[in-house]
Amino acid sequence: MKSKLILAGILKRFTALLLSSAVLCSGFIQSFACSTEDYGPYYYNLIPESDNNWDPYAPYYSWGYSLFGRSDDPNATVLNNMESWQVELKSDNVEAIRSLIFESSESSLLQLISSIKDDKALPKEWENNPLAQQLKKNKKSPVLDYLSFAKKCEKHVTRESNWWENSEPSDETGMHQLLEEGERLLKKCKDKELKERYRYQILRLHFYLGEYQAVNAYYAQHFSDSKWNNKLRFQAANYDFGAAFRLAHKQDSMPPAEKASLILKLSNAFQNCEDCAITYFEDLHFFNAQDYFEAARSTELPQQKIDIWMLGSLRSIPPHVALDKILDIDPNAPEIRSIMDRMLENSQQERFLRYESTLTDYFASEEWNQICMALRKGSINKKATDRAQFSFLLAYFDYISGKFHQARKELENASLLPGSENLALQHQQRVLRSLLDLETWNSKILNNAHLLIGQLNEVLAINHPELTEYTFRRLEELASNNGQMNLERLLFASMYRDIESELSYPDILMLESSFKNQEKNVIERWVSKNQKLKMSTLMEWKGNTLLAMHRFEEAAEAYKQAGHSSMLNTDPLHIRINDCHDCDHRELPGHYTQLRFCEEMVYLNNEAEKGNALSAFQYANGLYNITWFGNSRDAISYHLQSEEETEHPSFYSMSLAYPAYERALKLTRDPEFKAKIHFMMAKCEQNEYDTDGSNVSYHSYYGEDLPCDPIKNQEFRKNFLILKKQFANTEFYKMALKECSYFEHYVRVH
Amino acid sequence: MYARTDKPVILKSWHKLILVSLLWWACNSKNKGPVHAFYHWKTTFTLGPSDYQKLDSMEVSRLYVRYFDIDKYGDKLKPLGVIEWKSLPASKLDIVPCVFITNRALQFIPDTAIQSLALHVYSKIQKLNAQLNRPVKEIQMDCDWSPETKSKYFSFLETLKVLCRQENWLLSATIRLHQIKFPQTTGIPPVDRGMLMYYNMGDLKSPNETNSILNLETAAQYTSKLPEYPLELDLALPLFSWVVQFRNDELLALRSAWNKEDLQNDTLFVHQQKNWYQARTNGLFKGEYILKNDRFRVEEIQPDLVKQAINHLYSLWKTNPVNLSLFHYNPYEIETYSCRNIEEIYRAASQ
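Heads up: the sequence lines are chains W and U, in that order.
Counting from 129, one number per residue, gives the positions in the first sequence under the numbering used here.
Counting from 53, one number per residue, gives the positions in the second sequence under the numbering used here.
Be aware that a few hints might be false.
Result set (DMTMM-like, lysine to aspartate or glutamate): computed pairs, CA atoms no more than 20 Å apart in a straight line [said to hold, decoys possible]: (1) U:K344 with W:E216; (2) U:K257 with W:E495; (3) W:K316 with W:E216.
Think of the hints as simulated: they come from the structure by calculation, not from any bench.
Quick caveat, the model's predicted, so the values are computed rather than measured.
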């Protein structure tokens with residue numbers, strides 16, 4: 129079988145895994161250790177991610193480009209903005225508040241407020257809003273002034289930065305006027321909550337005016353010791369940090385103590401303000417490791433120290449060093465779990481990508497040693513309530529470094545430690561146990577069907593696709609090494625990913641034969657029962673492959689057996705003077721399946737053989753259209769085996785279409801029809817001209833029209849000449865002259 | 053943990069005064085040949101009288117000034133490290149604004165946004181130029197484009213070139229050695245002229261590399277097609293040093309503000325063979341966290357090597373470069389190399 133090739137093809141993708149975890153799968157190493165090709169960043173997440181992803185309320189939850197602090201603490205008593213409005217307005221109607229305060233436009237809200245103050249009827253759009261109705265009852269309420277002011281500020285303090293423009297605000301004067309108005313209203317206001325809100329708006333105005341020193345001063349004066357029961361207090365802290373950060377950027381250098389104080393501001397805002405994500409990790413470049421050390425020294429608050437080590441571990445401080453520091457402060461800090469998750473993720477990703485041979489054995493390095501020491505420290509810390517997690521991670525690290533015996537011992541140890549009752553951890557342990565079982569496999573396991581099938585059933589029961597695929601892959605290799613081709617093929621077909629593009633025609637035939645083989649052993653029967661690829665799918669792939677080989681009759685037969693074939697996007701027999709792939713797709717939506725196309729091609733070819741010129745012409749059109757130049761290239765391009773295949777000359781070649789047009793030419797005497805056929809042949813020539821290698825030049829980068837090479841011109845423009853000399857009187861000739869600029873140019877110049 | 057010793061202030065001043073005088077004396081000689089230029093690759097422009105004195109003495113009349121970088125920032129492309137004029141360049145200096153764009157940025161940007169990016173870059177340069185109060189004759193794009201980003205980068209350059217015509221700016225682009233060797237693959241950028249960056253030619257990431265900045269043996273592998281390169285080229289040569297930090301034989305960081313003396317004078321490090329050092333233990337050094345066994349390769353440039361590079365290039369070149377720029381202007385490096393040596397480099401290029 130060509131399955132060795134198949135295997136090689138498949139395994140190429142996984143070389144990253146195989147090489148990096150040499151000890152993991154020593155059987156593979158001999159074949160691939162010398163490979164230096166970059167097969168792309170494929171790796172297995174063997175320990176299921178879903179279980180080590182933290183919930184969004186955990187500290188240092190990350191999403192997209194953002195990293196979030198400790199958010200939505202269920203025990204927190206500080207109100208969020210909506211809650212505080214509910215209290216202020218003595219209303220539970222969240223929708224009414226949202227609509228009036230947060231979602232209203234400036235003009236609409238100002239109109240509403242003015243109507244209330246002037247004792248006029250509520251504007252129509254607010255008539256049914258309970259909050260508007262409530263506000264109307266007290267036209268002297270200080271809330272009205274505040275809402276009006278805040279809404280006027282909104283456009284200035286929520287604008288998105290355009291990094292390419294200057295940072296100056298667009299309406300500086302208007303913002304300064306608002307600042308004055310805010311100070312005036314603040315003095316006048318007696319309501320404590322609204323006074324805090326005025327201050328908050330003033331702080332924001334200063335910030336967006338770029339008055340960063342004023343922001344810091346205003347924050348220090350009004351917010352640093354504030355007891356305001358509103359989370360906007362922490363937003364204010366974020367503006368305080370933002371302003372200080374921008375000022376810091378303008379300095380050539382900054383004393384370590386000042387940078388440390390900046391980190392304290394960041395940690396304060398970050399951890400308390402649920403909306404204040406660190407959006408741009410790039411900003412953390414500003415701080416180096418020493419800054420974090422200084423910051424940690426400058427505070428006595430344990431939580432703040434922990435936050436500082438966590439922030440430092442994102443860029444500047446090795447995670448295990450931060451882990452060690454946090455362990456000293458609080459071995460039960462939830463942040464420890466975050467760091468360990470990150471270490472686990474890195475070990476699964478980055479280390480599995482270490483496919484280039486390096487001089488150092490990473491698992492013997494000082495860094496690896498220190499990581500393991502930090503974890504060991506956690507696992508033996510009697511004060512830690514989650515010692516099992518440390519021990520599990522140690523077991524996993526032992527596994528990826530090839531110390532399987534030690535890994536098993538550590539895994540058993542983990543199940544005895546505090547924290548082992550955690551269900552997610554138990555699931556991870558189950559996965560690791562299965563992975564360790566795989567390491568015991570050798571050729572004997574193929575003769576111990578009972579044991580093997582038991583282990584395979586356990587893998588399926590764990591229900592982790594990556595573990596399943598990895599397990600099947602290991603077994604497939606084992607089958608291959610032991611000459612069990614039938615099992616190997618069946619396992620190959622059992623993979624979870626799409627393997628169609630990797631199958632050659634002989635591979636498909638061999639898989640077909642394995643599927644149909646009635647004499648399967650116990651293991652093969654188990655694999656057959658659990659495989660993903662069905663016979664119908666295999667037959668459709670067979671049809672696709674035969675179609676790409678232009679074996680239309682056999683392709684049709686395979687499609688029939690599959691009971692399905694895909695719909696083509698347009699009429700594959702339609703041609704135009706100027707090819708327009710997208711126009712055909714737009715204007716002639718497809719009603720051909722691949723099966724119908726194949727059947728039509730068989731029919732047309734038969735008719736052509738009987739002397740029917742139109743059928744011969746249409747058959748040639750079909751061949752033309754499934755090349756890269758035609759309107760139905762998708763009929764075969766998706767099913768070619770690889771990128772090399774789509775770049776194969778046959779996909780671009782007119783070697784089938786051109787003689788098919790010649791056959792049609794011989795079958796007709798009609799000059800109009802002949803002209804049309806010659807024109808199609810000329811198009812074939814033009815396509816060959818365009819794909820002729822010697823025509824490529826870097827000058828084409830400049831979009832310059834290169835003069836036609838006279839020799840090539842003669843070689844590739846024979847049909848233009850015939851059309852000009854013999855068919856100039858036909859209607860088709862005139863039409864082609866009008867529509868095709870190449871042809872018009874040729875006729876004019878030659 | 054800074055290694056340098058503090059000397060009395062007065063001694064420092066004398067030292068500087070003597071040095072500046074010596075530099076002025078050493079460098080005060082006239083030469084013909086390419087325009088003498090430097091790159092200025094910092095975020096703040098703070099050059100003052102003593103800098104201009106040095107530049108004058110080396111007859112430097114052109115500064116290639118990095119205006120900003122373009123990189124992916126979060127989910128957007130952003131101009132990063134935009135130059136801040138703390139002082140304005142001396143009026144006699146010809147300023148060439150330079151913009152560095154990362155491959156990551158080009159990979160990220162959709163084709164449809166290329167024209168808009170060119171427009172943004174053009175107007176950003178215009179705005180920064182406005183603070184200069186003088187006309188600019190040329191702008192330069194710097195990018196180590198790859199086959200993957202080639203078409204986007206070239207399309208970007210084409211648009212930018214059209215915009216440059218409105219201001220009568222020439223558009224130049226940096227060219228790296230591998231682009232000289234493989235023009236068929238990497239393409240020729242659609243610009244008015246190129247700046248051959250004759251440095252950073254080695255395999256920085258490899259622990260087997262001896263000096264990735266300038267290695268004549270490596271360079272020789274790339275220059276055979278130089279005479280055929282269809283773009284008129286200026287020349288940029290290195291005048292900098294750095295320390296390359298490795299962890300487990302993998303490149304960890306480039307420490308451009310560190311030098312050999314820093315490592316030699318700190319007990320955190322132990323000298324290994326040649327230009328390699330190793331960390332004895334975990335610790336902080338110049339603000340960075342060092343792990344025990346981290347390894348450090350010091351890469352420095354000797355003026356003689358630069359002169360050899362010039363000789364090699366001039367033996368190949370049909371037309372000598374119009375501009376010769378050293379990368380980059382750093383008073384510390386100038387003092388290290390001495391103005392006399394630098395002048396000799398320029399002189400070598402005046403053959």
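Hint check results:
1. Proposed proximity of U:K344 and W:E216 is contradicted: the alpha carbons are some 58 Å apart, above 20 Å.
2. Proximity of U:K257 to W:E495 is assessed by CA-CA distance (about 19 Å); at most 20 Å being required, the pair is judged to hold.
3. Between W:K316 and W:E216 the alpha-carbon distance is near 18 Å, which keeps this suggested pair within the 20 Å criterion.
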